[in-house]
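Which chain is which? The protein sequence lines are A and B, in order. Sequence positions in the first sequence follow our numbering and run 43 to 298. Sequence positions in the second sequence follow our numbering and run 4 to 328.
Incorrect hints may have been included.
[Said to hold, decoys possible] Chain B regions said to be covered by chain A (calculated; three or more residues, Cβ under 8 Å): (1) 29 to 38; (2) 119 to 125; (3) 142 to 150; (4) 172 to 180; (5) 289 to 300.
[Said to hold, decoys possible] Stretches of chain B that chain A covers, calculated by requiring three or more beta carbons in the stretch to come under 8 Å of a beta carbon on chain A: (6) 58 to 66; (7) 303 to 312.
Everything labelled a hint here was simulated from the structure, so no lab data went into it. None of these values were measured; they are calculated from a predicted model. For glycine and all other residues, C-beta sits at the position ideal for the given N, C-alpha and C.
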Amino acid sequence: MKFFVCIKMVPDVGAPFQIKDGELIMDSDRMVLNAYDASAVEEALVLTEKHGGEVEVVCIGSAKASETIRKALAMGAHKGSHIVVEGDNNFDSGSYSSILAAFFKDKSYDVVSLGKQSQDTDSGLTGSMLAEALDLPYATNAVGLEIESDNLVVKRQGDTGQEMIGLPFPCAITCSNDMNEPRIPNLKGIMASKRKPIDTIELSSLGLSEGELKASSKVTSYEHKPARKAGRKFEGEADEIAREVAQLLDTEASVI
Amino acid sequence: MSSILTYVAISEGKVKRSSLEVLSRSKQIADANGLTCTAVIIDPSASSFASTIQQYGASEIFVVEDASFDKHRNAPLTSALTKVMETSSPSVVAFASTEGTKDILGALAANQKAGVVADVSSFDFDGNKVSAKRPVMAAKMMANVEVEGSPILVSVRSGSYDLIEASSEATVSNISVSVDINTLRATLREIVSATGDTIDLNEAEAIVAAGRGVKDEEAKALISELADVLHAGIGASRALTEAGIYDPSLQIGQTGKVVSPQLYIAVGISGAIQHVAGMANSKVIVAINKDPDAPIFEVADYGIVGDLYKVLPPFIEELKNIKHN
Chain A
43 MKFFVCIKMV PDVGAPFQIK DGELIMDSDR MVLNAYDASA VEEALVLTEK HGGEVEVVCI
103 GSAKASETIR KALAMGAHKG SHIVVEGDNN FDSGSYSSIL AAFFKDKSYD VVSLGKQSQD
163 TDSGLTGSML AEALDLPYAT NAVGLEIESD NLVVKRQGDT GQEMIGLPFP CAITCSNDMN
223 EPRIPNLKGI MASKRKPIDT IELSSLGLSE GELKASSKVT SYEHKPARKA GRKFEGEADE
283 IAREVAQLLD TEASVI
Chain B
4 MSSILTYVAI SEGKVKRSSL EVLSRSKQIA DANGLTCTAV IIDPSASSFA STIQQYGASE
64 IFVVEDASFD KHRNAPLTSA LTKVMETSSP SVVAFASTEG TKDILGALAA NQKAGVVADV
124 SSFDFDGNKV SAKRPVMAAK MMANVEVEGS PILVSVRSGS YDLIEASSEA TVSNISVSVD
184 INTLRATLRE IVSATGDTID LNEAEAIVAA GRGVKDEEAK ALISELADVL HAGIGASRAL
244 TEAGIYDPSL QIGQTGKVVS PQLYIAVGIS GAIQHVAGMA NSKVIVAINK DPDAPIFEVA
304 DYGIVGDLYK VLPPFIEELK NIKHN
């Protein structure tokens, strides 16, 4: 069983940030492995530990993204591929999926997996775009995976319930971070990761140039969320304050 | 004439309110820019919903009726939408941002080589490009986004727009798509859990959400009673869905559902940023928590500091009184 997990280096959403003249300024040192992708790596490791096979990760990013690949290797992935692009390229989901589609064109695999979205943009488009480009059957928002003899059985969270979907190999899935708790690399894993191979791949060797990967969507500016009106806090006798707030919801907020 | 096509989703025999919100917005944009406002329904009995859609101003309604659309399957839905788009050549296709939409939006964009922007809280179209605003970085900030291309796909968070009735004499056009579900590579085997008769959180005008403070059957019963009084949907924090206390489909937050009802009552929820990311756009937020320093109070319009077992019974009783008078 060969799993390819697409991973992304993203800013830590918990880090402090500033918005100046519409531009986002973050501490560039606080980059992390996208949490949803970490769940995809974890699930691939669990399934290959159980059924045999190999996990390879692929990451598009600047030179610094090699740290994110090492993290996945330290978790237990066997091999990494690093598609190197400049840091400031304004790629959108379409650009990323085009690069990944070119990368996978001559690869063989059973499952391509990735997080259901990246925690910085929350767009959630790359997975199904890639599946379409590779003409793979797919499922998004997986919360559970099992391997049957010739099928990947995906439990996905839908609008009204959990759908059980059988996918023949090869297939693509996007993973929710509800499916597992990604392991934290131990010292042995970290040491081992230093000896694992990472292929460095230039866009040109995939037959692509940054120019032709122009995003159809672009962020023109960032702004703070409009602050919610300062609310009121009610403390005191439970019975009194409960009744008071109930009344205010009717008379003041008009939502009853 | 160039058009804005709205995909109107049907769920459990009803038109999704969130789709009608998007259709209302599409109609406004169409009127302001001299565009045609159209809609598409894909369901085994799609044409029976046309009269509902006609109340929101679409001038042409495409219906795709086939038994295979009884349950969500991404491949047939994508191919049906592809066919409708090829037939009607819309400039923009607008969707409510549901799990069903999230499952197909990227694939449809790739298939149609369309520009796309997902999960926006507002959008506009000037005839050439879509301008949208969307929450990013765990909803800690907003990004202004411009999208070019033709067509352009956009999905809109529920609760972003109000319903605006605009009666129309829409023509109904059938588009035939034949799907042989036996030839699909991905097979839908079963739906293992469903929320049954509970209210869909994307559609609910009021939501009562339970957090870690809701620990036992007594607290769950109080949550149900409060939801009954308000005709509210019930939601839960990740801690409670992971503990198996509530169904996973009820999870609200960055990983679960993103909701924006008129009234959101957070009971025993501390207010982790991942949860707040899913509910911060609610119109009115009430928080009930015994910890006066809980971060949920920073986003609540009305914060009740107290033990839910003591607060909820009089709160429910007073709401019943208000409802009965």
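These are the hints, each one checked on the structure:
Counting residues of the stretch 29 to 38 of chain B whose C-beta sits closer than 8 Å to any C-beta of chain A gives 0, which falls short of three, so the coverage hint is violated. A stretch counts as covered by a chain when three or more of its residues have a beta carbon under 8 Å from one of that chain; for the stretch 119 to 125 of chain B and chain A the count is 4, and the coverage holds. Requiring three or more residues with a Cβ within less than 8 Å of a Cβ of chain A, the coverage given for the stretch 142 to 150 of chain B holds, as 9 such residues are present. Coverage of the stretch 172 to 180 of chain B by chain A is violated in this model, with 0 residues showing a Cβ closer than 8 Å to a Cβ of that chain against a need of three.
For a cut-off of 8 Å, the count of residues in the stretch 289 to 300 of chain B with a CB near a CB of chain A stands at 3, and the three-residue condition holds. Only residues whose beta carbon comes within less than 8 Å of a beta carbon in chain A count, and the stretch 58 to 66 of chain B has 0; fewer than three means the coverage is violated. Chain A is given as covering the stretch 303 to 312 of chain B, and this holds because 8 residues of the stretch bring a CB closer than 8 Å to a CB of that chain, at least three being needed.
Violation of the numbered hints given earlier is confined to hints 1, 4, 6; the remaining hints are satisfied by the structure.
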